[in-house]
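Colleague: In the order they appear, the protein sequences are chains A and B.
So for the first sequence, the numbering used here puts the first residue at 4; every next one is plus one.
So for the second sequence, the numbering used here puts the first residue at 208; every next one is plus one.
Keep in mind that a hint or two might mislead.
Stated by the list, open to error - Restricting the straight-line Cα-Cα distance to at most 27 Å, the calculated cross-link-like pairs of lysine-lysine (DSSO-like) are:
1) B:Lys508 / A:Lys267
2) B:Lys435 / B:Lys487
3) A:Lys41 / B:Lys482
4) A:Lys256 / B:Lys403
5) B:Lys487 / A:Lys251
6) B:Lys508 / B:Lys487
7) B:Lys519 / B:Lys508
No wet-lab data here; the hints were simulated from the structure.
Quick caveat, the model's predicted, so the values are computed rather than measured.
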Amino acid sequence: MKDGDHKDGKAKEAEIHPTPMLDQLEDGPWPSFVTGLKRLRDAKGERYAPMMNDLMGQLNHSYENRKGYWKGGVVSVYGYGGGIIPRYSEVSEKFPESKEFHTLRVMPPPGFHYTTEILRKLCDVWEEHGSGLIALHGQSGDIMLQGCTTENTQAAFDAINELGFDLGGAGPALRTAMSCVGAARCEQSCFDEAKLHRGIINRFLDEMHRPSLPYKFKFKFSGCGNDCVNAIHRADFAVIGTWRDDIKINQAKVKEHIAEKGRKYTIDTVVSMCPTRAISLNDDDTMDIDNRSCVRCMHCINVMTKALSPGDDKGVSVMIGGKRSLKVGDMMGIMVKPFVKLDTEEDYEEMEEFAETCIEFFADNALEHERVGETIDRIGLPAFLEAVGVEADPNMVNHPRTSSYVRTDDFDEEAAKWFERKALDAGMTVDG
Amino acid sequence: MSNEKATPRAADEVGVPDHFQYMHPVLEKNHGNWDYHDRPRAGVLHHVSKSGDEVYTVRAGTQRQMDVFTIRKLCDIGDEFADGHVRFTTRSNIEYMVADEAKVQPLIDKLGEEGFPVGGTGASVSMISHTQGWLHCDIPGTDASGVVKGLMDMLHEEFIHENMPNRVRITTSCCQINCGGQGDIAVNVQYTKPPKINHDLVANVCERPAVVARCPVAAIRPAMVDGKATLEIDEKKCVCCGACYPPCPPMQINGADSTKIAIWVGGKHSNARSKPTFHKLAVANLPNNAPHWPEVNAVVKRIIQAYKKDAKHWERMGEWIERIGWSRFFDMTDLAFTKHHLDTWTGARKTMNQSAHIHF
Chain A
4 MKDGDHKDGK AKEAEIHPTP MLDQLEDGPW PSFVTGLKRL RDAKGERYAP
54 MMNDLMGQLN HSYENRKGYW KGGVVSVYGY GGGIIPRYSE VSEKFPESKE
104 FHTLRVMPPP GFHYTTEILR KLCDVWEEHG SGLIALHGQS GDIMLQGCTT
154 ENTQAAFDAI NELGFDLGGA GPALRTAMSC VGAARCEQSC FDEAKLHRGI
204 INRFLDEMHR PSLPYKFKFK FSGCGNDCVN AIHRADFAVI GTWRDDIKIN
254 QAKVKEHIAE KGRKYTIDTV VSMCPTRAIS LNDDDTMDID NRSCVRCMHC
304 INVMTKALSP GDDKGVSVMI GGKRSLKVGD MMGIMVKPFV KLDTEEDYEE
354 MEEFAETCIE FFADNALEHE RVGETIDRIG LPAFLEAVGV EADPNMVNHP
404 RTSSYVRTDD FDEEAAKWFE RKALDAGMTV DG
Chain B
208 MSNEKATPRA ADEVGVPDHF QYMHPVLEKN HGNWDYHDRP RAGVLHHVSK
258 SGDEVYTVRA GTQRQMDVFT IRKLCDIGDE FADGHVRFTT RSNIEYMVAD
308 EAKVQPLIDK LGEEGFPVGG TGASVSMISH TQGWLHCDIP GTDASGVVKG
358 LMDMLHEEFI HENMPNRVRI TTSCCQINCG GQGDIAVNVQ YTKPPKINHD
408 LVANVCERPA VVARCPVAAI RPAMVDGKAT LEIDEKKCVC CGACYPPCPP
458 MQINGADSTK IAIWVGGKHS NARSKPTFHK LAVANLPNNA PHWPEVNAVV
508 KRIIQAYKKD AKHWERMGEW IERIGWSRFF DMTDLAFTKH HLDTWTGARK
558 TMNQSAHIHF
């Protein structure tokens with residue numbers, strides 16, 4: 004992190020690095036990021052132009068040698084311990100202007116909505132303090148302001164912070180969350196994704212800005228089972244919208260769909276593709292759905308967007324433990340709360356509290372560099388459920404256990420609890 | 208800004224910003240009140256509210272890694288046609304919302320003129336979700352934006368049309384951590400050699416117990432080499448995953464002989480029809496021939512063509528393969544099935560065919 008060799012940007016202007024490998028990525032119909040990098044490199048009089056010249060030189064060097072040349076480090080802003088991905092070049096003798104090329108991870112609004120005005124302001128900040136290179140968005144959902152020197156980091160953060168933006172997560176911490184477009188523009192949305200997203204993340208900002216968890220912890224919010232933000236695969240805590248009453252059928256629109264698409268096509272693409280064989284087409288081209296067999300997969304609703312829609316008794320499922328490969332292999336979240344209503348402020352508050360319970364469990368019980376899904380695998384789902392105060396439910400499994408190697412001496416007590424819960428759910432009172 | 212380092216500004220911990228301040232007014236007005244949608248053409252969504260309001264969304268591909276000039280150009284288009292509002296999809300496509308149908312075609316024309324392909328909706332190949340690669344990652348085996356550019360050039364026609372059986376979601380990842388995520392097709396680095404250790408550097412750079420703990424197969428152990436405290440690898444155990452490289456850069460996993468590309472198929476996020484699935488190995492050991500990855504592109508093209516030709520409407524890649532069977536998948540794509548396709552990891556038995564069901 005030496006700050007020894009100060010730059011002399013102007014003198015470099017004439018020496019454009021040849022980039023024969025990158026130059027091959029400018030033709031073709033897809034927008035070229037290389038052409039964009041060159042626009043920054045060639046921006047006359049801009050402070051960042053020499054930096055982008057050296058960045059392109061290093062990238063071309065990577066293409067030629069097929070190796071990356073960045074190393075990490077520690078860079079942060081006042082009061083925060085995370086949110087910045089430090090990058091120091093290992094080939095800075097050759098490419099000194101981009102020897103520090105850090106990324107500020109910035110949390111976007113849920114659903115990635117912007118005015119052109121705010122995007123322009125972000126661009127202005129990044130021209131003033133950074134490189135002019137912005138990714139919309141990173142795989143965690145952050146606005147990635149890439150290419151900041153260590154010296155400029157604080158000023159860049161101050162400027163975006165004054166625009167109303169905050170840094171996202173990095174390192175062993177609560178990470179930036181993502182939500183689908185949801186209620187803002189989708190009739191399939193089953194809850195207010197953005198409200199829960201903001202409620203949860205903004206409640207636990209301390210865990211994001213001052214990393215102290217065993218490893219990363221991610222939330223993602225999808226409005227229905229189509230899971231457009233890939234929550235089940237990618238989030239430690241995935242919230243998926245669903246409903247528990249009947250799919251709404253507009254029989255007139257069913258008939259219109261069949262008239263337009265054909266009866267055979269409707270049978271092949273809707274009836275036959277229902278995963279639980281819950282749909283049948285009547286002789287008069289109306290549709291019956293066996294809603295007790297339906298698993299809310301969304302397929303028929305996706306195909307017949309005008310005729311079918313989610314029910315009115317909406318809520319969410321929570322799935323815990325999704326993650327990518329490192330180190331035990333990819334994992335999907337496990338169904339932990341099959342159905343929770345999210346109507347009132349109290350409902351949202353309770354969900355935030357459940358999130359807090361899960362984060363606390365993770366903080367207290369996970370080993371270093373262990374994701375919560377791995378912790379659950381290590382200790383078993385029953386121990387996790389007990390720790391977070393959730394009762395076992397058949398919707399948590401594909402099928403009950405097949406191994407007899409389990410100690411069941413308190414089976415009767417557990418069964419009694421099950422019947423007690425069933426009775427309470429049915430509105431009955433239970434004797435002490 | 209002056210250097211007032213003695214009194215840094217205290218952060219205003221605002222967290223996730225309020226989205227309503229940036230949202231298109233028609234979306235804000237009809238929040239939670241939408242009735243249905245349809246797609247008048249590829250790249251255009253048409254949503255109708257229970258209030259009777261309508262909104263057209265025009266979706267266009269971007270390069271994700273954008274210079275401020277590109278973003279400003281996208282903003283200019285938003286100002287001219289879409290009331291100064293935009294949004295982005297999780298796959299880095301930009302979306303313009305317009306309430307007036309008459310503005311749709313001029314907007315599409317403008318995006319075309321400016322070089323942003325309109326598409327990525329419905330049964331198309333959408334933008335590839337990808338990672339950072341050589342541009343910014345500290346442990347990349349290959350590039351991301353560059354190879355994705357090559358792939359999207361090849362797949363451009365399938366982005367701007369909805370001619371696939373169902374949507375196709377492609378991902379790329381520059382190492383085996385798979386940050387790109389699961390996909391119908393995943394193009395991921397697959398290392399083929401154990402890391403090469405620079406024993407002079409390990410003691411100073413790496414927290415050795417943490418590196419030992421990181422190995423998924425317990426193949427790393429502390430060692431002394433030439434009097435230096437370092438680490439060594441049991442190369443018979445090593446699965447060449449590269450997990451030790453991030454915490455210990457002197458254990459270099461990348462190299463021309465090691466950094467290869469594997470292609471995986473049949474991953475799916477959605478719960479529609481079948482449950483979400485992970486992608487499965489189709490082929491490994493393809494060369495890492497950036498910038499264009501010709502060998503990779505050829506295989507991706509073959510897989511997409513086979514799927515396009517043979518799958519039924521609404522079948523995703525993995526569902527199609529499950530119906531036709533893996534034998535036919537390997538035949539139709541002219542790929543080899545090898546012993547390396549047999550899983551050997553925890554839970555491998557569940558991936559085997561424990562039945563008399565076979566495909567001919």
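Colleague: Each hint needs a verdict: does it hold in this structure or not?
Modeller: Here is what the structure says about each hint:
1. B:Lys508 / A:Lys267: violated, 31 Å
2. B:Lys435 / B:Lys487: Distance of about 42 Å is beyond 27 Å: violated.
3. A:Lys41 / B:Lys482: violated, 44 Å
4. A:Lys256 / B:Lys403: violated, 64 Å
5. B:Lys487 / A:Lys251: Violated - the C-alpha atoms of Lys251 (chain A) and Lys487 (chain B) are around 36 Å apart, more than 27 Å.
6. B:Lys508 / B:Lys487: The given pair, whose Cα atoms are some 17 Å apart, holds under the 27 Å limit.
7. B:Lys519 / B:Lys508: holds, 18 Å
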